[in-house]
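Enquirer: Residue strings, one per chain:
There are 2 protein chains.
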Amino acid sequence: MKFDLWYSEYQTKSLKLSTKVKDVLYTGKSEFQEIQIIDTYDFGKVLILDNTYQTTERDEFIYHELISHPALFTHPNPKTVLVIGGGDGGTVREVVKHPSVESIDFVELDEKVVEACKEHMPKLSCEIDNPKVNTLFTDGIKYVAETEKKYDVILVDCPDPVGPAKGLFEEEFYKNVFKCLTDDGIMVQQTESPLFNTDLIKDVGNYLKEAGFGIIKPLVCTIPTYPSGFWNFTVASKKYNPLESDREEIKEKLKEIDTIYYDEDVHIGVFLATPKYLK
Amino acid sequence: MKFDLWYSEYQTKSLKLSTKVKDVLYTGKSEFQEIQIIDTYDFGKVLILDNTYQTTERDEFIYHELISHPALFTHPNPKTVLVIGGGDGGTVREVVKHPSVESIDFVELDEKVVEACKEHMPKLSCEIDNPKVNTLFTDGIKYVAETEKKYDVILVDCPDPVGPAKGLFEEEFYKNVFKCLTDDGIMVQQTESPLFNTDLIKDVGNYLKEAGFGIIKPLVCTIPTYPSGFWNFTVASKKYNPLESDREEIKEKLKEIDTIYYDEDVHIGVFLATPKYLK
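If you read the sequences in order, they're chains A and B.
Residue numbering for the first sequence follows the working numbering, beginning at 1008 and increasing consecutively.
Residue numbering for the second sequence follows the working numbering, beginning at 1008 and increasing consecutively.
Watch out, some of these pointers could steer you wrong.
Since the list gives no way to pick one copy over another, a pair counts as held whenever it fits inside one copy or between any two copies.
Claimed, not checked - As a list, the in silico SDA-like pairs of lysine to any residue whose alpha-carbon atoms are at most 20 Å apart:
hint	residue 1	residue 2
1	Lys1020	Phe1010
2	Lys1027	Thr1059
3	Lys1125	Thr1145
4	Lys1182	Pro1225
5	Lys1023	Asp1046
6	Lys1023	Lys1104
7	Lys1130	Gln1043
8	Lys1104	Lys1283
9	Lys1283	Leu1250
10	Lys1209	Ile1267
11	Lys1086	Ser1110
12	Lys1286	Glu1259
It is worth saying that the hints were derived from the structure and are not from the lab.
Here the structure is a predicted model, which means the values were calculated and not measured.
Okay, chain A solo, but in the shape it has when bound (with noise of 0.2 Å):
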């Protein structure tokens, strides 16, 4: 006999992403979650958290680019970075790859997420030991609560709203995240889809505005794998406009760091993008 293997994710109770796998690389359950990593035929290396896609070697680049760059290219110098979640590395690879950021607070739950992704998605995690990378395992809500440090750029490359990432997504969490940033820092989150989550952005915003954020800014794209592959991230600014940006500017920086969706068009681009409904 002979069998198929496929990972299947309910993604809403009627609605179901399936993939082939070639190989299943770790499995195993940290306090706060069940963990896998599999190799599958179209999306090469996956994570996956309690049955839910978090990342795959194939397209993460979009994800991982975009939580970063436009936030790193509006600050004009960004110098302390704040990372929250994003267990795979792949942001905190993007941050690395700004020579002006001198140190980054990469704040995660899971330890075993981490070590994972460290052993199995060296493509991700590759940077996570890099000197200017500051680790701790800890809840991203409880340390802006608790900190009493000012970071340039704030990202929160957080999972769904449910379980321990609930309060991630809560009106207190904006406020301390405010009071994090420097006077004129950015934050950035990923805010879910724009077809099945709208309720969801919307909330968000107010929250934003009401912690004192001045410019609030969604940016859509596509994450193949998130129910829908329709995903939004929102962008709050103390300051500094994204779309008001030198592009210039940001085609001269580029020039020294490698993106392979991210350029100075695509900065405007994904903010100028965003459905007239979800303005």
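Keeping the supplied structure of chain A fixed, place chain B upon it in accordance with the hints.
Expert: Frame of chain A; chain B shown alone:
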């Protein structure tokens, strides 16, 4: 016994997207293909041709607005439009919204698709009987080869390049489209996934260049039920560059045209947001 009915599309040999089915509304076979219309929980009514998702009520506005408005707003005064394919009628519906358009030739291979959509998907097919629309059931490849008519805008709303649609992605077709366009004409075609079909997108770009188009621009968006969700249209223009359109003028015209997704910012954004690797 109680059964759950699901529809699954193998989007590749190793990637499957499944939707739970509320009801099967239509199932038939024409001389060209198998036709199904199902009602689903997440996407409303869905048109399926030869086991491939074509369009869904829930997200069809993304596809239909982006295949039509970027070209129709780039051209300052489109009067004559040719729509090839798009038997569901969604593209025709968007074209009809433009007051400048005087006549639309709607060339669709399969009359049975149009009949089924007229009966079961009136939200899309509602303008097919508009007096401005002249429907011809014939092969679009043959039509552009033989007609002596000239159009301001040609929209190629075609299925994947397999079976009878293969010729819609070949050199000869683009030469004929060029011939059928006025001196300042513009064409748009859906050109598959920027993740899975980069070679095809590159080939189409080259064919369009060889056909004589001076301005060729890819635009990107998300179509949730297509393979990878990451999707691409190619715009080819003889004279007008969509990136040089006057956004204020578009905004003014949009006071008379209802859209859900498209606006004057999206007009620019979808082109600028095209990933660096695709440019």
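Enquirer: Have a look at Lys1023 and Lys1104 and pick one of within, between, both or neither, based on CA distance no larger than 20 Å.
Expert: neither (36 Å within a copy, 36 Å between copies)
Enquirer: At most 20 Å between C-alpha atoms: does Lys1283 with Leu1250 qualify within a copy, between copies, both, or neither?
Expert: Both: 16 Å inside a chain and 18 Å across chains, each within 20 Å.
Enquirer: Is it within, between, both, or neither for Lys1286 and Glu1259, if the alpha carbons may be no more than 20 Å apart?
Expert: between (30 Å within a copy, 18 Å between copies)
Enquirer: Pop the pair Lys1130 and Gln1043 into one bin, within, between, both or neither, using alpha-carbon distances up to 20 Å.
Expert: Within one copy only: 17 Å inside a chain, 42 Å across chains, cut-off 20 Å.
Enquirer: What label fits Lys1086 with Ser1110 when the C-alpha limit is 20 Å: within, between, both, or neither?
Expert: For Lys1086 and Ser1110, the Cα distance is within 20 Å only inside one copy (7 Å; across copies 58 Å).
Enquirer: Checking an output row: Lys1027 and Thr1059, CA cutoff 20 Å. Within, between, both or neither?
Expert: both (15 Å within a copy, 19 Å between copies)
Enquirer: Between copies, within a copy, both or neither: which fits Lys1104 and Lys1283 at Cα up to 20 Å?
Expert: between (33 Å within a copy, 17 Å between copies)
Enquirer: How would you label the pair Lys1209, Ile1267 (within, between, both, or neither) given a Cα cut-off of 20 Å?
Expert: between (30 Å within a copy, 17 Å between copies)
Enquirer: Within, between, both or neither: how does the pair Lys1023, Asp1046 come out at a Cα-Cα threshold of 20 Å?
Expert: Both: 19 Å inside a copy, 16 Å across copies.
Enquirer: Between copies, within a copy, both or neither: which fits Lys1125 and Thr1145 at Cα up to 20 Å?
Expert: Within one copy only: 18 Å inside, 57 Å across.
Enquirer: Which holds for Lys1182 with Pro1225 at a C-alpha limit of 20 Å: within a copy, between copies, both or neither?
Expert: For Lys1182 and Pro1225, the Cα distance is within 20 Å only inside one copy (19 Å; across copies 40 Å).
Enquirer: For the identical chains here, do Lys1020 and Phe1010 meet the 20 Å Cα criterion within one copy, between copies, both, or neither?
Expert: between (26 Å within a copy, 15 Å between copies)
Hint violations for this structure: number 6 only, all remaining hints satisfied.
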